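*Asks:* The listed protein sequences correspond, in order, to chains A and B.
Position 69 of the first sequence, counted from 1, bears residue number 69 in my numbering, the numbering being contiguous throughout.
Position 104 of the second sequence, counted from 1, bears residue number 104 in my numbering, the numbering being contiguous throughout.
Simulated from the structure, these hints should not be mistaken for laboratory data.
Please read all numbers here as calculations on a predicted model, not as lab measurements.
Hints are supplied without guarantee of correctness; some may be wrong.
[To be verified] Subject to a maximum C-alpha distance of 20 Å in a straight line, what follows is the list of computed SDA-like cross-link-like pairs (lysine to any residue): (1) B/K244 to A/T15; (2) B/K137 to B/G274; (3) B/K229 to A/D87; (4) B/K307 to B/R256; (5) A/K149 to A/K160; (6) B/K244 to A/K149; (7) B/K244 to A/V14; (8) B/K229 to A/S215; (9) B/K244 to A/G39; (10) B/K137 to B/H272; (11) B/K229 to A/E6; (12) B/K229 to A/D41; (13) B/K229 to A/T205; (14) B/K244 to A/N61; (15) A/K186 to A/G29; (16) B/K307 to B/D226; (17) B/K137 to B/Q97; (18) B/K229 to A/K149; (19) B/K229 to A/A63; (20) B/K229 to A/G131; (21) A/K7 to B/G274; (22) B/K244 to A/K212; (23) A/K160 to A/K187; (24) A/K149 to A/K187; (25) B/K229 to B/K127; (26) A/K212 to A/A145; (27) B/K229 to A/M5; (28) B/K307 to B/L341; (29) B/K127 to B/K307; (30) A/K7 to B/L341; (31) A/K187 to A/H71; (32) B/K229 to A/K187; (33) B/K229 to A/M42; (34) A/K7 to B/T361; (35) B/K229 to B/K244; (36) B/K244 to A/M5; (37) B/K229 to A/V13; (38) B/K244 to A/A145; (39) B/K229 to A/E12.
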Amino acid sequence: MARSMEKYLRPEVVTTPFCPGCGHGVLMGSLLRAIDQLGLDMDQTVFVSGIGCAAWIPSPNFAADTLHTLHGRAVAFASGVKKANPDLKVIVVSGDGDLASIGGNHLIHAARRNLDLTVICANNMIYGMTGGQMAPTTPQGHLTATSVKGNPYRPFDLSKLVKGAGAPYVARGAVVRPYELIGYLKKAIASEEFAFVEVMSPCPTQYGRRNKYDSPGAMYDRLGEMCANFSDADCPLPEGALPLGEF
Amino acid sequence: MPLSTVNNPVQAGRRYLSGNDAAAEGAIAAGCRFYGGYPITPSSEIMEYMSRELEARGGAFLQMEDEIASISSVVGASWTGAKAMTATSGPGVSLMQECLGYAAFTETPVVVVDVQRAGPCTGQATKVGAGDIMAVKWGSHGDYQVVALSPWSVQEMFSLTVEAFNLSERLRVPAFLLAEEATGHLRERVDMPETVEVYNRDYVPGEPPFGTDDPAGIPSMPSFGDGEKLMVTGSTHDRFGFRKTEGPAFHDALVRRLSNKVLSRKNEICRHEGYHLDDAELVVVAYGFTARSALSAVRAARQAGIKAGLLRLITIWPFDNELISRVAGGIKGFLVPEMNLGQVDGLVRAYAGSTPVRSLTQVNGSTISPASILAALKEMC
């Protein structure tokens, strides 16, 4: 974390909660840069998170009002906050297991309802905190603690799901492309409608080790190869590519 | 407790109302500014009322996708400083339990009107029951306290809803109006007061929001946007909200304070009414709609020469065990009629000492008749 962003952190927080190589630190820094560039008033911003590694990005780190909720329910809590006090900026930060599995119904209904919420989903394609179990975003065939022979099921395409549910702003970014990611986050936060940003963020500890990545660096290299910015592409995306951009 | 008297925002005077509408008006009178809910029989009229009235009175209404989302939205809204509520029935109460534990642990004031129907499960959705007595107290995991009030009339659907808000805001706990289908759908006369007494939550800027030096203390409650940089978490936390999950003594003290802040104030919270208790030999302990039948039965018993009395519990949780022990001395027996298989009966037995306790249970989806209670009293003579 750059020192210039420390003003947004609670002084009591001196250590990162994230494992070595986790992408969430880059997401955290990108989010703070987006906030800084927008000049957001942190005293009028509420960060809502659920349960899991990504829920620790705002809580307890950010020096703002934080509501660290139950597993899956962050978007429902946030809806109550926003509706009861529309003057507050409400930003949800949580993971794919939290927002898309146990909280999937809340996510699509919030997109349909179109309250002014910004929902940031750190997608590491696995349950990190509980020990590397299969998530609804785990690619088919990939190895997890509950799919040792490979995930037999198809993953959600979260951005398409939320777009299909009616969200006016949807973007997918990746921690390997932080400058684009900051741009998406800024647009989402500045939007006065429901905005969803899916952020591909590697989990070397639970996902990388099981799926034969030699190092966090190898995961980042692979993620970089997979990322293709479809909004700029003139030609069809290569096989296996992960399309990034605004939906 | 320090209450402020305000003009009742709903139409005062003699009126004819349903119980569910009276509960909704009670919420508005108490200052409710947020309703998040999901339709469920037999409580839906409360939600419909709030959808019509709340926004016009400066509040906000959200129909959520399920009861889990409903209570979650209510907790979120409460942290903005809004008095917030939902209404539901048995299956919805079951779904809300995890979040009710969150509200208890984060000391978030929320009001839940539970218009009880005949359970378990889907049961008889349109029929009366009182099977949620234990569920509202013990339904979430871990140890915590709630407040639950039991109205026996449409008048009390109004007044006890106001009181549920006042207790919830003051104690920072979930508070239930533990109503029943029969009272929710009952239409009867209400004398709507010109003024109501309301409690507005205490906020002292800069004070820690999650603990005091008092082992039974109720901390100051700021709101989002006050600049306090609040940390609200369902994990074990220190008095400033920092997650603190190490140290067994610390967790023990926190859980005990959350319980003791309610239990140490039982004398202020618990209310009951007594009828013909002075010389009573047989005392009917009843609550909610059943107390209406019980009073009728007690009066009939008196005419038949039986020295019967009625102890009507208004507060169910926290349970007034000292009241039961006090009344038990010098009587020949308790009779506990209930529209469940004996949920309060067990509590009465626990505190009745050597006084015999008879349980009269009925779970057929209809109210207990005065004749049933009278017959049981006659058998006890």
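*Asks:* Broken hints, numbered, in rising order?
*Replies:* 2, 4, 5, 6, 8, 9, 13, 16, 18, 20, 21, 22, 24, 25, 28, 29, 30, 31, 32, 34, 36 and 38
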